[in-house]
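Number of protein chains: 2
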Amino acid sequence: MELNRIGNFEVIQGGVTAPKGFQAASAAAGIKYKNRTDMALIYSETPCVSAGVYTTNVVKAAPVLWDKAVTDSDVKVHAVVVNSGIANACTGQQGMDICRATGQAVADIIGGVPENVLVGSTGVIGMQIDTAKIVAGTKELMASKSFGIEAGTAASKAIMTTDTINKEIAVSFEIGGKTVTLGAMSKGSGMIHPNMCTMLGYVTTDICIEKKLLQEALSDVVTDTFNMITVDGDTSTNDTLLVLANGLAENPVIAEKNADYQLFRDALYFVCEYLAKKMAGDGEGATALFEAKIINAKSKEDAKIMARSVVGSNLSKAAIYGHDANFGRFLCAMGYSGADFDQNDVQLYFESKAGKMMVFDKGSPVPFDEDEATKILSEEAVTILINMNEGSASATAWGCDLTYDYVKINADYRS
Amino acid sequence: MELNRIGNFEVIQGGVTAPKGFQAASAAAGIKYKNRTDMALIYSETPCVSAGVYTTNVVKAAPVLWDKAVTDSDVKVHAVVVNSGIANACTGQQGMDICRATGQAVADIIGGVPENVLVGSTGVIGMQIDTAKIVAGTKELMASKSFGIEAGTAASKAIMTTDTINKEIAVSFEIGGKTVTLGAMSKGSGMIHPNMCTMLGYVTTDICIEKKLLQEALSDVVTDTFNMITVDGDTSTNDTLLVLANGLAENPVIAEKNADYQLFRDALYFVCEYLAKKMAGDGEGATALFEAKIINAKSKEDAKIMARSVVGSNLSKAAIYGHDANFGRFLCAMGYSGADFDQNDVQLYFESKAGKMMVFDKGSPVPFDEDEATKILSEEAVTILINMNEGSASATAWGCDLTYDYVKINADYRS
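Sequences listed follow chains A and B, in order.
Just so we're aligned, residue 19 is where the first sequence starts under this note's numbering, counting upward by one.
Just so we're aligned, residue 19 is where the second sequence starts under this note's numbering, counting upward by one.
Possibly wrong hints are sitting among the right ones.
Claimed, not checked - The calculated lysine to any residue pairs, modelled on SDA-like cross-linking and capped at a C-alpha distance of 25 Å, are: (1) K50/A - F386/B; (2) K151/B - F386/A; (3) K151/B - T180/B.
Note that these hints are calculated values from the structure, not bench results.
Everything numeric in this text was worked out from a predicted model, so none of it was measured.
Build the full structure now, drawing on both the sequences and the hints.
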């Protein structure tokens, strides 16, 4: 990602350690993987207000239950400890005990309570984590934590599972003459479907903001970003997106929805959209980022469910993989989405860096050049643009193509 | 399928031509495919009462709109004309004109109106059918129609698209000393998802029954049979299931929900379940029939959505393909289905001809033998049995595994 100015903020180097006062670390704790880092720490000596959004899956993993209790309370947070390899989901009371033991390991070092620590897990469901290993790993993380971009990147890489690219970003902007910074990292490649946040994501910031507004901004932003991506329609048991704010930027505290709040919200939106698209494009086995843009729909809700239905359809996804101009599949997916519309109003276009063409015009197919269509659909990012001509609402959803490699990765994930 | 007696009825040879008075034919009309039959006719000189259930997709294909108008009316039906290759969906007024022209071609021969004819199409969406070709094909079908098993089978084969096996069945039973017969054929392999019927299916019968009760029996039976299968979550624009009853069995007319009605309903259920499972097991690229059986759930609706969520999950389907005992994926799919339950009540088993084993017991994983699990999951039909321990409702759904071949078939379906 190139450094550049976007609207009121600057994209800068780094991830979770970019904001003032945040340290990070990674460790190879042997939770499940051999010969790779599998634990990450985000740490702020200055206590943080926190906010979180979580999976809507009825089967919630232990770390989701633990974190929700923490972010719903007024306890200040100092650390986030995350492991990859095992998801600590479907693990009963033993799973909850592991969350507490992890928090206690940090509390023993800094003085405090286990609830000062948020935890996260990603990997195989229905397997227990070895408590001794995760506690030893946590101690190692605390001993080796440091400031600086490299530590943040190492933490971000440690939580990857089937991800092929590391996903982090940081932005800064001014509030009341003070520089405020947001940093973030996320992982997610399979079991990704819009319903709450569908991945693990961690945002750090040195902004000074009231907890209630931090949660409001996060809940607001997630609906149009992380909740609009899908890889496979499978809403995970572990989805978690957390924000920690330690206030070290020393800006005038944000206590109402003023212009400063709006600026922060926009920066948070940018960061979340960036990571969401990165995750969709890095979906398991994916060769292309697949975007569906619905415009002029009757309602925002209709636009959203149609956009998500198009990028979520296996047949649409397979057509994108095959660069096949089989536009009927996109219309079919809109039709079973639950939204109501008249196909005689609809116009459908293929769009990418290679060009744009209309293929369906208000109820009937439009003759088009197959070679030209294939060219447009062969780019790394492909958009299906659909004009409903029935209102003024719009929505965009992101997914990826369905490939042999998706099947390969998931037919034998545990080994 | 072996001939045998099941409950009160006998499974017999043949399909749609098994009941008295039904003829069939196939033709190679060159609608889209070359060198294969692509049109089918079912014909009864004796007028039939008819009933139908159709796709819930908002984008309905022209034949769906045509047939629904016919089965909703009191017009008697003599023929069904079906083509494969092009779906006649997203085709505007021209698509409706093609349905009418097809009906008119039959009406010209038998004397009558176009509405005496039901039509069906399956294939590529968003492409127009050449009217001259489908009219010529219809005339050829009418000229070559005949009685007998072979004609029924030829018709059944002509409507296949990516199907790899022909799907037909017939049963007979006694009502009031008269032999009543049901015959049926169906096609469906991709774009298959439970919402109305998700395929083309045609049932013929010589039973004497009032139209209203015929429709009631069909609507009743479809909810637990065709509506409980999924291949890829894509509810087609063309799904249609029709029943034609010509009354030639001369049984006392069924005019109320008596024991005779119940017998007919049971036979219809058997036929529909048989074809539904055949379709699921012959899902595009499938190597296994994948069954999810939910027992002791709080409500029937909960049981149904959980069963369908499990067989519909890409991650579950990929695990079945890999014979991978990754049971957390099934629990995860139940969790995001929309049903409410406590994972601490749930018991999950793998079951097939090779054996049965528990892998999850009320909130926690059960240690199990991996080799034994792989053996159970390697059969051609695999069941995930889930005891909710929360009530007394149950439901079964059928799907198939997700394979390289599914992606291959659908990445380039149009060519």
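Checked hints:
Pair hint K50/A plus F386/B holds up; C-alpha atoms about 18 Å apart against a cutoff of 25 Å. With a CA separation close to 23 Å, the supplied pair K151/B and F386/A stays within the 25 Å bound. Between the alpha carbons of K151/B and T180/B the distance comes to roughly 22 Å, so the proposed pair stays at or under 25 Å and holds.
When each numbered hint is compared with the structure, no violation occurs for any of them.
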